[in-house]
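Enquirer: Protein chains in written order, with numbering that gives the first Met the number 0: chain A, 0 to 207; chain B, 0 to 60; chain C, 0 to 107.
All the given hints hold, so there is nothing to weed out.
Chain B is nowhere near these chain C residues, computed Cβ spacing over 12 Å in every case:
1) Q37
2) L63
3) R81
4) L85
5) E88
Capping the alpha-carbon separation at 25 Å, the derived lysine to any residue pairs in SDA-like fashion look like this:
6) K77/C - Y126/A
7) K77/C - D65/C
8) K86/C - A129/A
9) K77/C - D110/A
10) K77/C - R123/A
11) K77/C - R127/A
12) K77/C - R125/A
13) K86/C - E189/A
14) K86/C - L42/C
15) K77/C - A129/A
16) K86/C - L116/A
17) K77/C - L116/A
18) K77/C - V111/A
19) K86/C - D117/A
20) K86/C - Q112/A
21) K86/C - A124/A
22) K86/C - R52/C
23) K86/C - D110/A
24) K77/C - D132/A
25) K86/C - L45/C
26) K77/C - G90/C
27) K77/C - L91/C
28) K77/C - D93/C
29) K77/C - Q53/C
30) K77/C - Q112/A
31) K77/C - S120/A
32) K86/C - V111/A
33) K77/C - R113/A
34) K77/C - A87/C
35) K86/C - R125/A
36) K77/C - A130/A
37) K86/C - L160/A
38) K77/C - L160/A
39) K77/C - R33/C
Simulated from the structure, these hints should not be mistaken for laboratory data. Built from N, CA and C at the ideal position, the CB exists for glycine as well.
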Amino acid sequence: MIHLYAFACGLRELPPDAECVQIGGMSAVVGRIADGDRCDSHDDVVRHGLVVEALVERADGVLPARFGERFTDIEALERAVSARSVELERRLRDMRGCVELAVRVGRTSRDVQRDGLDGASYLRARYRAAAEDAAAVSELHAALQLRARATAVSEQVAGSLLHDAGYLVGRHEIDEFARDVDAYASRHPEHTVVCTGPWAPSSFAGAA
Amino acid sequence: MSVVERPPLEQQVTLVELVDRVLGKGVVITGDITLSVAGVDLVYVGLRVLLSSVSALEAAR
Amino acid sequence: MIDSRVLSAQGDVRDLRAGPMPRRIAADPESVERGLAQLVLTLIELLRQLMERQALHRMEQGSLDDEEIERLGETFMKLADRMDELKAEFGLHDDDLNLDLGPLGRLL
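Okay, chain A solo, but in the shape it has when bound (with noise of 0.2 Å):
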């Protein structure tokens, strides 16, 4: 059984344990597991991770498979990618020389002091809090837009969580980004900000 990686264009060094299949324009990047092997532990979805990061540094463009995409055989894989190579080149391109950034914000403290209080009050410091939260994201986020090709924003962000983002920036953007979303945590102490990457461009790689 074949397991897809990746496809990349420009690749100059394949991972360890992984092999390449020229399919058009494109380089997809696999791994060959045992046909009655399960192959979906903890370790497995590690690995596939680990081998599709160590791409971003032997390509020129990666765009990385969400985990299980698996064919019985070369053939099978050629067949299914073939039906929609002209998409898949097109994202391929715009992935080239493309990083992502992931971004986080969460809220520290969770509640408003509630003591002697009444109802309205307190409800109504809830909607400040809320109100607060909201545009100082919303102020990260513009900044931050700015600086990206393209953003992927998390609509399910709950509880604490108030910002879930990837940003996709070219390599030597990386630096300035950064030092942005540290501004914007030196600004905003009530606010946990994680900042990670760089990764390979996996928001943006969309669904074919």
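For this one, chain A is given, so just place chains B and C on it according to the hints.
Expert: Coordinates of chains B and C only, in the frame set by chain A:
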């Protein structure tokens, strides 16, 4: 009883982010991925679509 | 195993990523009870958040009168107090109340 070794927090954060990205992001070609969660087969992509629909419904109200 | 990719961090990052991080695993009856409390309180917290979001949304729209705002606020305050009591009773903190569902993400 067991105590799990804790790697440095930064590595934990990175690892968690990595797993999230591998399972939740990336191009999907076959459209139908079966993953085993706690030994139970689930159609993973289908479930994700279901969860998104619920939150989209909520947001639309 | 994997190099850190943290470019910037402020605050307790475990708040944002508490789920799959390794925890002490034990098998005594006290921790089974604690596990159940964790489940129940997480679900209550989820409902509380959903309800509060609804209430704040309606406040924004202006579709709540003063009496409703007062009543809702009182209710949420009482619920928050009760949650604090229950959390204290079971030795749980805010970042314990977040069930990791693996590929389905986290509940809260």
